[in-house]
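Participant: Using the sequences and the hints, build the whole thing.
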Amino acid sequence: MSDVPILLEMRSITKEFPGVKALSDVNLVVRAGEIHAICGENGAGKSTLMKVLSGVYPHGTYDGKIVYQGSESKFSDIRASENAGIVIIHQELALIPGMSIAENIFLGNEPRKRGAIDWKAANRMALDLMARVGLEEDPDTLIKDIGVGKQQLVEIAKAFAKDVKLLILDEPTAALNEADSKHLLDLLRGFRSRGITSIMISHKLNEIEAIADQITILRDGRTVETLDVKADGVDEDRIVRGMVGRELSSRFPDHTPKIGDVFFEVRNWNVRHPISAERQVCKNESFVVRRGEIVGFAGLMGAGRTELAMSVFGRSYGVFESGTIIKDGKEIVLKSVADAIDNGLAYVSEDRKAIGLNLLDDIKTSTVAAKLSKISHHGVLNEVEEYQAAESYRKELRTKAPTVDESVSKLSGGNQQKVVLAKWMFTDPDLLILDEPTRGIDVGAKYEIYGIIQRLADQGKGVIVISSELPELIGLCDRIYTVFEGAITGEIARADATPETLMKQMTSTKKMATR
Amino acid sequence: MSRLKDLQKNLFGGTTSNARQFGMIFTLVAIVVLFQILTDGLTLRSDNLIALFQQNSYILILAIGMLMVIVAGHIDLSVGSVAAFAGILVAKSMTEWDLPWPAAIVFGLAIGAAIGAWQGFWVAYIGVPAFIVTLAGMLLFRGGNQFIGNASTVPVPEGFREIGSGFLPEFGPNTGYNNATLLLGLAAALAVVWREIQARKTRRAMDADPAPMWISILRMAIMVGVIAFAALRFASGRVGTSFPISGIILLVLVIAYSFYTRNTAGGRHIYAVGGNSRAAELSGVKLKRVNFFVMMNMSVLAALAGMIFVARSAASGPQDGNGWELDAIAAVFIGGAAVAGGIGTISGSIVGGLVMAVLNNGLQLMGVGTDRVQIIKGLVLLLAVAIDVYNKSQGRFSIIGSLMRPFRRDDSAPPASPPDAEREPAKAAVSG
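Protein chains in written order, with UniProt numbering: chain S, 1 to 515; chain R, 1 to 432.
None of these hints come from the bench; they were simulated from the model.
A virtual CB, placed ideally from N, CA and C, is assigned to each residue, including glycine.
Here are some chain R residues the structure puts well away from chain S; computed CB gaps all over 12 Å: (1) Ala110; (2) Phe147; (3) Ser165; (4) Pro169; (5) Asn174; (6) Ala191.
Each computed DSSO-like pair below joins lysine-lysine, with the alpha-carbon atoms no more than 30 Å apart: (7) Lys395/S with Lys201/R; (8) Lys335/S with Lys286/R; (9) Lys288/R with Lys144/S; (10) Lys374/S with Lys286/R; (11) Lys286/R with Lys327/S; (12) Lys286/R with Lys283/S.
Facilitator: Written out as structure tokens, the structure reads:
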């Protein structure tokens, strides 16, 4: 590919923060019209590098040179880089939920006629841009009324409105289901054929392998290597080796399950949507969990897995209609989260930043937050016990932080997830429900989290894992339920689970043979 | 150099709100010194200090409740009106229904609780924003005060006035000082020493190195020195005056509520709700109960403040408590609380309230008119918070922190992982 002109070259970029060198001597060469993936574990410096490129960290705050379209660029802010055609789409989408698709696309860039916004032109241009990204919606539809997959497309349409030459996507498929991810990747391929260059940051190595032309791997703020996918015959294992600096023989720790008897059972569970009461989100769902068993819940986004889990966890979602929960042979009624915790349930939410953690807290406050009674005597908290509890979990789970006084907002995603796990392990649960436990977490930390889940199961606890990554469910779970549109459509033993069988039952209402 | 580093780490290190608080204490000291010079020593004279406490104790009591309301993510605009409403009912209960004054105080607190339950109900169980509920309450109870009192003043009897204008009694040998105040000072000094020792013990139990001994001693020496100075000042006022009863009430409340917010599950739940209410709910915190409690507690404290004010001015009037809510809210924000909730301390709010009080008092001593005093207070509030917001946006935690920055080159502990840390949606906090 060396005959293709170089669009962007970042030369020996070094960026320091007080006390930490986030990037040292990083080099990146992107050729015109390619899809260039950047891989690395959390904290390797991927996001920092992109922030240097897009002017979030303006010229002068870093060392090194950015050569873009043949001349040196000194971006003073994001606007400067956008004017040059570099647009970055962040993992957390920057859309205004209460505004329409068209309004969002042209936000800050509104087409004007005599000082007033020209909505006619805006809608017409929006339709054109939406067609380019394959989004079929009315431009007047509000952002909050479309799914996250379509929201991502709006972001990309927004980038096109700015005449993008280099599109940077930070974890574009992290929140998408398989179908939406596939659509997005097809879209990127389409851009490539039209000569638009993309840089993609992703933890999903199978996607990178499938789509990228070049891969630059970062580790600890340094460039490890740049691979040419076709020429070098790169596969996932090769990428992993570069990222972690060693061979990762298996993605899942070895584990021999010790499965006991059924101890937790949900029967005929019916729940309605909290706002539109005519919508039933859980339709007569029943499932069982055995001691020492890891049970997976597979389903497409919006299938109602999170809703099922949260409604079981002390009715924290929706309007309860009917259904029974049986634990250790006795029926229990969980009317509040406190009831659920007292009865040995724990729920680790899919969105740790929004609803799993208080980001103002430090590690120790977070660790004990769900069971303060355990460290208090006559209502008075014991700081020493709090510290010791947090410290022992920090050591056990190998959370990377200088002390347990560190604010959780400063931790990487994997370490935040460990703090959330510690918080729920601290409540001594019998049943842990883990909702997307490895979302946005790098390969090394995932492996550790899997190990923790297996250890919890080996202690005789039941573990439910909800995940959108089928390989994860297949590699980790002893048994998998499939959910489609609020109903359980199948139950598959580990031995029979393949992505194909799961996908089939995740997308059909027909109930397959159950055991 | 290393001593300087120790000092900086132990006094200004730790959490951002700690640093902010120390900044405020220095500001307070600076303002006191400034006015001491500008007023030729009037500021720190016994009678002025006593008056300062008497005039501001009720605002500081409100600041305690307001801190908890703001930490939980709400606001209470009704406190001045609630105070006036409770004040007039209590005054009436004594003059017209001949309730003995101790019973009248209980009655007043009950009124506060009832009003608080009313406001808490709308906020916690119906979900009306506290801003609206208490804006309504502000009109409601101001009107109620004037309706019940016919917009005129109602005097209160002798005994009741003690809680607003009384002093610690005289007893024991004639030392030339008020002995009760001296004893109080001694107790406070002992408490400071005891706390420092306990803190060192706790640090050791956490396998962490306690602060170097000389820092502990320095810290204790400063605190004890301040306490001794204050005790002697309060004890040496005009005969018949000493440390005010309202100051004692304030002191007890500050200690009790500091303990509650710092060291109990209930207190921590307030911070959890303010920091991330959904996460708190999913951790088993009973959201409605916490919200109900903070609103109700605020009104009880407002009723108490109202009674102290009525006792001090010897009568309840239609304009009592006008603008108190703003003084209390200002004290809390100057003291380092975050507008979005989840951050703030009782002690910080008290310091914030004292900054405003000393400013007010000093300017009045200098003969500055209330018009200009208001302008200056407004600017101080804006500046105090603006400097902090600015520092935060620059990635510095406090003025002091940034002044000390040249000395901390070799200190490489923070930030663990800036790229990730910066991706966090930083809480739009007013605090540092």
